[in-house]
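A.B. asks: So the chains spell out like this:
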Amino acid sequence: MAVLELTNISKHFGAIQAVNDVSLSIEPGQVVGLMGDNGAGKSTLVKMIAGNFHPSHGIMRMDGKELLLNKPAEARQHGIEIVHQDLALCNNLTAAANVYLGRELRRGVGPFRILDYAAMYKRAGQLFAELKSETRPRDLVKQMSGGQRQAVAIARTMLSQAKIVLMDEPTAAISVRQVAEVLNLIRHLRDQGIAVVLISHRMPDVFDVADRVIVMRRGRKVADKTIASSSPEEVTGLITGAIEQAA
Amino acid sequence: MAVTLDQTIAQKQHTFLSRLFSTQTFWVVIAVILACIFLSFATDAFATSKNLYNITRNVTFVAIVALGMTFVIITGGIDLSVGSVLCLSSMVLAVTMHAGYSIEIGILASIVTALAIGAFNGIFIAYLGFPPFVVTLGMLSIARSLAMVASNNTVVFQFGPDHDKLLALGGGAWLFGIANPVLYMIILALITGFVLRWTKFGRHIFAIGGNEHAATLTGVPVKQIKVAVYMISALSAGIAGIIQTGWLGAVTTNLGNGMELQVIAATVIGGADLAGGVGTAFGAIVGAALIEVIRNSLGLLGINAFWQGTFIGGAILLAVLFDRIRNFRRSD
Numbered sequence: 022m023a024v025l026e027l028t029n030i031s032k033h034f035g036a037i038q039a040v041n042d043v044s045l046s047i048e049p050g051q052v053v054g055l056m057g058d059n060g061a062g063k064s065t066l067v068k069m070i071a072g073n074f075h076p077s078h079g080i081m082r083m084d085g086k087e088l089l090l091n092k093p094a095e096a097r098q099h100g101i102e103i104v105h106q107d108l109a110l111c112n113n114l115t116a117a118a119n120v121y122l123g124r125e126l127r128r129g130v131g132p133f134r135i136l137d138y139a140a141m142y143k144r145a146g147q148l149f150a151e152l153k154s155e156t157r158p159r160d161l162v163k164q165m166s167g168g169q170r171q172a173v174a175i176a177r178t179m180l181s182q183a184k185i186v187l188m189d190e191p192t193a194a195i196s197v198r199q200v201a202e203v204l205n206l207i208r209h210l211r212d213q214g215i216a217v218v219l220i221s222h223r224m225p226d227v228f229d230v231a232d233r234v235i236v237m238r239r240g241r242k243v244a245d246k247t248i249a250s251s252s253p254e255e256v257t258g259l260i261t262g263a264i265e266q267a268a
Numbered sequence: 039m040a041v042t043l044d045q046t047i048a049q050k051q052h053t054f055l056s057r058l059f060s061t062q063t064f065w066v067v068i069a070v071i072l073a074c075i076f077l078s079f080a081t082d083a084f085a086t087s088k089n090l091y092n093i094t095r096n097v098t099f100v101a102i103v104a105l106g107m108t109f110v111i112i113t114g115g116i117d118l119s120v121g122s123v124l125c126l127s128s129m130v131l132a133v134t135m136h137a138g139y140s141i142e143i144g145i146l147a148s149i150v151t152a153l154a155i156g157a158f159n160g161i162f163i164a165y166l167g168f169p170p171f172v173v174t175l176g177m178l179s180i181a182r183s184l185a186m187v188a189s190n191n192t193v194v195f196q197f198g199p200d201h202d203k204l205l206a207l208g209g210g211a212w213l214f215g216i217a218n219p220v221l222y223m224i225i226l227a228l229i230t231g232f233v234l235r236w237t238k239f240g241r242h243i244f245a246i247g248g249n250e251h252a253a254t255l256t257g258v259p260v261k262q263i264k265v266a267v268y269m270i271s272a273l274s275a276g277i278a279g280i281i282q283t284g285w286l287g288a289v290t291t292n293l294g295n296g297m298e299l300q301v302i303a304a305t306v307i308g309g310a311d312l313a314g315g316v317g318t319a320f321g322a323i324v325g326a327a328l329i330e331v332i333r334n335s336l337g338l339l340g341i342n343a344f345w346q347g348t349f350i351g352g353a354i355l356l357a358v359l360f361d362r363i364r365n366f367r368r369s370d
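So the sequence lines, in the order shown, correspond to chains C and Z.
Plus 21 on top of the position in the first sequence (first one is 1) and you've got this note's numbering.
Plus 38 on top of the position in the second sequence (first one is 1) and you've got this note's numbering.
Hints were generated in silico from the structure; no laboratory data involved.
Some hints could be false.
Straight-line Cα separation of at most 30 Å, BS3-like style, residue types lysine-lysine; simulated pairs [stated by the list, open to error]:
| id | chain 1 | residue 1 | chain 2 | residue 2 |
| --- | --- | --- | --- | --- |
| 1 | Z | K238 | C | K184 |
| 2 | C | K143 | C | K184 |
| 3 | Z | K88 | C | K92 |
| 4 | Z | K261 | C | K163 |
| 5 | Z | K238 | C | K153 |
| 6 | Z | K238 | C | K163 |
| 7 | C | K68 | Z | K238 |
| 8 | C | K92 | Z | K238 |
Starting from the given sequences, assemble the full structure and let the hints guide the process.
C.D. replies: Next comes the structure, spelled out in structure tokens:
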């Protein structure tokens, strides 16, 4: 069964039709590349799934049940996690503090509860080990490489039982070696049965790691096919409009 | 030998000592100690119990307000109204007690006034998006004016039936001959240090200063916390005002004039970063101590008091300069 299913979703801001009648479904353990030019409606679509916007029309379902989100925190409660393009990290805090930001572990009784540093370092270390990332929980994020910063942001999504992780341009501004690291992180998420939506401009990354590619143009879904049955040339044509609709 | 991933992850990059040496606060402590040693030899008057009693007590008022200011500065804000809030709180206490109310009611009225002003600042900053500099600059003017209104710009030096209690509260030395204000400062510093390091609230304050947008995205209640830090800052000014009233035995509408700059200087010398995200309770105290030692020593060394500002300003620049140099080295 699909973990997330969108049916005839539309979103307009006044007269502007940002997303127009999009339907799609995402299976557990699947990596879906979401591609499209600037202004194609990718971000708006993702923001609806993340609880930032209500759809104007259409229904979202999670595990078959209708999903109504009023704010991002509710999306998180439903197991929808987002890795933001800027990663949303605090440079002045440690890796572990960033992983647990907003859901710090505490110990103690009743109102007398203090931060549980030991438990947070330990669990953050386990998450980095799972991700096969050389990231030390006690280091400040300020001193980290792009790949390590990605690992911190991704580890954050693994704290709770995430069902679906939305990643916004995770490979946009990092070195080639770090891109490989991030793609590996995505595979680790997939191997744990988590669905990953990878929003990206970078064709090689999507064709490297994704199982399926969805292309949007001017608010509409113009392609939704397996990677094996498509090609970078076709996707480029779909993004630019040289090809009107996928075969 | 091959290093496994687990070993790398478990490794601590910094030892306790290397971390200690890398903090600005540590070097300021060294500066204070060296200055004290130098002064003990250079002058006869410095290391007397009378002078040390004076120094420690003089430090406290700036230090207590600096503790509150530390919260604000860590979030990346600034509170320019603390000197005026201190004056208004003192005046509310003085006028209330002068009117014949008990010390408890006077203190309550004073604290409530301070918290209300802090909440006002915080709501304008967090919910209406005003720049902290502007809101608290406005409040600097408003609070002092209200203190003048409350007292009709007179000096209040009679505090009704509980007059002696108030003077004992601020001027006494209840424990081992340590001046009461110093005791309050130590207690408040311990509370501040605890909150910053061990509570979720403290963690979130650092997060807001580090990256406010990230804090919002991860579900930190940014707006409520911002209101709270301005309330804490005003509260610390109010507490300092109450203690100072008891110590001085009189309140004028001049009290705390220009104090905000000393307080900010103390936090910055102690290692807080005005850009947000960095600061400690201990640093605030040490910064206040360095300023007071400089001031005290100039007097004892017979240097013209007009030079005071130059030396304190120099200390601010020097403290931050050390920090810059370390950062240059790190970014190489």
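A.B. asks: Determine for every hint whether it applies to the structure shown.
C.D. replies: Hints, verified against the model:
1. Z:K238 / C:K184: holds, 27 Å
2. C:K143 / C:K184: It holds: about 23 Å lies between the C-alpha atoms, which stays within 30 Å.
3. Z:K88 / C:K92: Roughly 61 Å separates the two Cα atoms, so the pair is violated.
4. Z:K261 / C:K163: holds, 25 Å
5. Z:K238 / C:K153: Answer holds: Z:K238 to C:K153 is near 29 Å, not above 30 Å.
6. Z:K238 / C:K163: holds, 21 Å
7. C:K68 / Z:K238: holds, 28 Å
8. C:K92 / Z:K238: holds, 22 Å
Going through the hint list in order, the structure does not satisfy hint 3, though it satisfies all others.
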